[in-house]
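Using the hints, put the two standalone chains together into the complex.
In case you want the letters, here they are:
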Amino acid sequence: MIRELRPALSLVLLFTLILGVAAPVAFTGFAQLVFPYQANGSLIRVKNHAIGSALIGQNFPGRQWFQPRPSALTGTDAKGQTVATPYDASESGASNLGPTSKTLIANVTARIAAYRKAYGPGPVPDDAVTSSGSGLDPDISLANALRQAPTVAVARHLPAGRMTALVKRFAMHRLLGVIGTDRVNVLKLNLALSRMQAATTMVQK
Amino acid sequence: MTFHGFGYIALVLVLVLGAAFPLGAYMARLFRGEVHWLAPIERGIYRLCGIDPARQMGWGAYAIALLMFSVAHFLLLYAILRLQYYLPFNPQHIAGMAPMLAFNTAASFTTNTNWQAYSPESQISNGAQMFGLAVHMFLSAAAGIAVAAALMRAFTSGGLKTLGNVYADITRITLYLLLPIALIAAVLLLVSGVPMTFAPFAQVHTLAGGVQTIARGPVALQEVIKNLGTNGGGFFNANAAHPFENPTGLTNLLEIWLLLVIGFALPIAFGHMIGRKREGVALFAAMAIILGFAMVGTYAAEAANNPILVHAGIAAHPGNMVGKEMRFGIAQSTTFNTAATGTSTGAVNSFTDSYMPLGGLVPMFLMQLDEVAPGGVGSGLYGMVLFALLAVFVAGLMVGRTPEYLGKKVQAKEIKLAMLAVLVQTLFILAGAGFSLLTKSGLGSLANAGPHGLSEMLYGWTSATENNGSAFAGLSANTPLLDYGLGAAMLFGRFAVLIPVLAIGGSLAAKPKLPHSAGTFPTDGSLFVGLLIGVIIILGGLQFMPADTLGPLAEHYLLLAGKTF
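Sequence order for the protein chains is H and F. Residue numbering for the first sequence follows full-length UniProt numbering, beginning at 1 and increasing consecutively. Residue numbering for the second sequence follows full-length UniProt numbering, beginning at 1 and increasing consecutively.
No wet-lab data here; the hints were simulated from the structure. Since this is a predicted model, take the numbers as computed values, not measurements. The beta-carbon is built from N, C-alpha and C at its ideal position, and this holds for glycine as well. Worth double-checking, as some hints may not be accurate.
Here are the computed lysine-lysine pairs in the BS3-like style, where the Cα-Cα straight-line distance is at most 30 angstroms [said to hold, decoys possible]:
| no. | chain 1 | residue 1 | chain 2 | residue 2 |
| --- | --- | --- | --- | --- |
| 1 | H | Lys117 | F | Lys563 |
| 2 | H | Lys79 | F | Lys511 |
| 3 | F | Lys161 | F | Lys511 |
| 4 | F | Lys440 | F | Lys161 |
Calculated from the model, a selection of chain H residues having no Cβ within reach of chain F, i.e. all distances over 12 angstroms [unchecked claim]:
| no. | residue |
| --- | --- |
| 5 | Pro36 |
| 6 | Arg69 |
| 7 | Ala78 |
| 8 | Gly80 |
| 9 | Thr100 |
| 10 | Thr103 |
| 11 | Pro150 |
| 12 | Thr151 |
| 13 | Leu158 |
| 14 | Ala165 |
| 15 | Arg174 |
| 16 | Arg183 |
| 17 | Val184 |
| 18 | Ala199 |
Excised from the complex, chain F in its bound form (with noise of 0.2 angstroms):
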């Protein structure tokens, strides 16, 4: 551990800390309706759609709305990989996808997981990552922030009966947040080297006298709306890792900062419409707090290099380069992914499987804490209010008093909602990665043995009920049983915890808003941020503990012990 790892991390969370608060004060704006700066385009967009943006939807509507919508884009995502052959923009001829793994991908990007079991190069078209895939990061992000910003309407006042409309909620963030942001963000990739262009592959004849093909396409734009969007389908199969998505320390700095910066933006904006920022602030310190101790975490863990490796010869500093990039080095790639777990986006930037057992571990945990650090774009914020729900729970039945949250009484129904979002995750990840470690297919998709390949496995159950999409890249994922298995666990993760998110909403938006008095619990303070960090990690955390134990934990004292599989 050096200090220039410890300055990246600081470096890291003033940037981002830092822009969430302009950002959330806009963002809070915007899901009021006060934003108009591209009006004429939103109205024309009403207008070709025959939507009427004044039509105020209750938590029914729009959730049966949202379901709509993303069935409709499921169903095309769904075609345009079958069909891609026939389509335009097919510079090398990619054939169109197999049925199930077509089905697993357009589960994955329509639920912001963005899991991979394809190989980007020879199995998507220049046309399906554009009309395919990528609208997907763009509408997925958007309808998670939506639900993020019905959820906090419920909180604005008494007596509500709706949470706003849902088409107009997703045609202006992507308007007026997701696609400015991309496109500026696009040019400073581009000018790094990140390519864009519908040429084929590029032949080339090396220096040494050898042929070599090289891989591009329009990555620039993609890779921006990977990362703001907390999505992580990499244009290529190394994802951030490739020099094409991720050229220098400069373009991986940038890319951190989009897929964290929305994410902690959520509180702030959170607290600007409620009109209490410090309420806002708070759900904010939570996730930096559980977020900053991850960094620390990862970095520490590959910092300190394999001891197996370390005796046969290597060099101890810098660390752990096994699957790492020589421009990013350990700090700079400890860093992308703790945030893009932290966050639902799943990109890496170095390859997790390789990792040193507590340096996956950490990755891993933040997922089971179900990514509320600052978690997914939109999921995240609403996710994080589920465990705020939870924490004034026990606060209340601690002292016994009818808990409330910023004014609304929180009541059994609320709570019952609530664990139901938490533990249908945890059903998913553990009841999945058990069975399939049962099976015969299951143990061949695992590359490595050991402790290692239950690792592999519960990574995989993790990120995809979680909606990450980062894996232990070894698991081979493409057969039936993880295609379906993860593709199932992946629409579970996502619609059975939205739509008991916005059942809260709905039911909390109808109660009256109590006055604020001295007998109320303050949610604004640091006791209440240290209790809810202690309800994410004994919530959250602990029903993960045994399948950890036998995973990262038991490998880590067996590799001390110098065992190897």
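Chain H extracted, bound-state conformation (with noise of 0.2 angstroms):
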């Protein structure tokens, strides 16, 4: 037993050092010469600042904004109270919630109510209205996107043909009918929607 003492330490210590420093040390450096948006988190920059990044969701208040899915994050505020935190990309997670849950059941019911009177009538695509895995899901489904683009062109005062159009723009594909599915990243749609209304609001003017 003493005898396998020394090649069992010395082999973790050395493949501590390989594989615990050397390597992600040198991948890093790698990373960060070759392929720097990506391995800084891919963060989006509006003159210069950064204003999110396009795989991260963010958290859009009010019907002129594209909406997410909802996050289920929650925080712990001053007084130790467990509150709402959607969208708080320094954490992650889901609700966890079975689905034989009350909380489940009456949650999405709510958010049901919500979404028809924001957005008329008729079935309500799932993803709008379940809280995602991770709490920071960027996208929405394609289908879900058309759905809000009306109510988003009514508070934006601009034509609804204009808006199902830049919809269908920045719409991802199903990659050969299989990988992937067909959605819209909120984030980037938004941002256009922004820049779109800059340009109209300036050519009125």
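Right, here's the structure in full:
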């Protein structure tokens, strides 16, 4: 047993140096040099200020924005109370409510009512009223975005046809018929929306 | 259920099974010591560590060396987690981990489980992720594969006294198998948007005028080995559901491929090692059939949406999106989680706690089958060989012959050890979950009421004991009962199987290798594959039938009746 002490210990230490220090440090150097945008979190910059990550969802209060999916993230406030902190990307996680949970059913039912009030009657797209796995889902389904388009157009005093065209321009589709889903990145869509509005206002002036 | 969904499952299986054949052939050469393309580095490691790679070990020496290696690594990780505040690469100034959580985490990563009772963003520094957790992801995977290689050698010829050199096995598997695949795949993930940075969390001013803090770190390299080594410990709390771990449909496909490919290559390597490729293909086929059915089963359960929510007004199509990411939809979520529980990975790209009752049952059942479809890297293959021994034993009882497997007589000693390995795990799962639910602390950990609560606890003990690491994540696992209890379950689940396996290997190695004759029960045809699957389902699965009935099955029928909790 004593005989195995040296090889066992030194192999652990040596591999900790190779796999735990040398490899990640070297690979990070490579990543920062060759793919700095991705390596630092795909941050979108507007006039040199980071406004978010292309891969991480964020909050958009009000009907003038396309709405992301519900986020189940929670945190604790100064008094130690649990409070909702949707799209707080310093953490991540899901609601973990089971299919027979009364809380789940109540939450989704309330969201269905709110969605119909904002965007009209009919079956509600699943993604619009269910919280995601990460709490940071950057996307909504194409169907959901198209349902929201007329309401966003009214709130922004823009023609509905232009809004639908914008959504279709930002739609991402399934690859090879099976990989990925038909969806829209909410931040990119809303960024284009705010630029379009700015351009329109300029013309009107 | 749609054409896209089934097409996706078919695509995954074709890509994985197709790659398993060439990779298996390469791995057989690696296990025989015929791969040398990094020989100078390999020799340097041996010299620095005082290792003589030519020294052959009997099963006892192999087991002792492996235990010493694991104990040393366990202690090092425990120290790193406790002291992470003082160690480099801690831009968020994260404090040292509390003793019970550090014990649980060290046990979890030493045993290739990667159960996460902690929340990574706030409780693990970049440094502890890199030189604590990620190193274990490589080495616990290499250790599992080494044991499988040792067991394979036992079948190669008669009268063997030794099973190889554990240090050389671990070094070679790491250098020639895990590291090269990891580096290539890490570049692909990086290009797709998985971060690799030492910078602190990003602060951004959002489009709508708010402030958002975005966690990031050196993710890409760890993400690869997490899947390739069937580990599963996510860099982020949301694991592979987090867009920084798994940003696109393509990365999702790559990650599924990584977590299955070595598991399926191992039986092929086994066939090459013993010089009878068809024997390896038979084990491979049993694994693939079980996994294929499981993938279709989980997908079907999730594509059928929650009837209560459909009644409330959501669209029936595409299916249950609670806890799932939009970029993956239904089939790509269920396929990932099924692959991660068929292997011992336990990574998730969607949250199983919110799956439909039957959708959650399939992953749990795959673990209860002792993780053999295709199982963890190494542990899946040796688990499958245990079942093959039990299957020939059962067949031998039916026809009244002394059973043999691959020319080795299977006798009372081997069967007792194999049954010990199977039963220890069952004992820990059922007794552990049962006991926890009798305590106040255990009940307090549950997030959901009714049968779903039972499922949460049962899933947790199953996952820990089978060294999977996935969870019905509503369970609050950072309590003294579950930190210590599940930590012990992980250690027993790993070593109370691994040591009997090496003992069986030693015993079989010493026996003469009998020539194949007309009276030998063929173990390379469809009859044997069917028998093997039957034994796995009956021996591995039936013991859990009562518990699974009280949990997921009861919930399924209550849900259909519209009952909520």
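Evaluated hints:
1. H/Lys117 x F/Lys563: Holds. H/Lys117 to F/Lys563 sits at ~28 angstroms (cutoff 30 angstroms).
2. H/Lys79 x F/Lys511: 69 angstroms, violated
3. F/Lys161 x F/Lys511: 9 angstroms, holds
4. F/Lys440 x F/Lys161: Given pair F/Lys440, F/Lys161 is violated - Cα atoms ~52 angstroms apart, limit 30 angstroms.
5. Pro36: 9 angstroms, violated
6. Arg69: For H/Arg69, whose nearest Cβ neighbour in chain F is about 7 angstroms away, the distance does not exceed 12 angstroms, so it is violated.
7. Ala78: 17 angstroms, holds
8. Gly80: Holds, because the least Cβ-Cβ distance between H/Gly80 and chain F comes to about 16 angstroms, which exceeds 12 angstroms.
9. Thr100: H/Thr100 not clear of chain F: closest Cβ-Cβ about 5 angstroms, inside 12 angstroms.
10. Thr103: 9 angstroms, violated
11. Pro150: Holds, because the least Cβ-Cβ distance between H/Pro150 and chain F comes to about 18 angstroms, which exceeds 12 angstroms.
12. Thr151: Given that every Cβ of chain F is farther than 12 angstroms from that of H/Thr151, nearest at about 16 angstroms, it holds.
13. Leu158: Nearest chain F Cβ is 17 angstroms from H/Leu158, so the label holds.
14. Ala165: Given a closest Cβ separation of 21 angstroms, the condition holds.
15. Arg174: 7 angstroms, violated
16. Arg183: 5 angstroms, violated
17. Val184: Not fine: 9 angstroms to the nearest Cβ puts H/Val184 too close to chain F.
18. Ala199: 16 angstroms, holds
Checked against the numbered hints listed earlier, the structure breaks hints 2, 4, 5, 6, 9, 10, 15, 16, 17; every other hint is satisfied.
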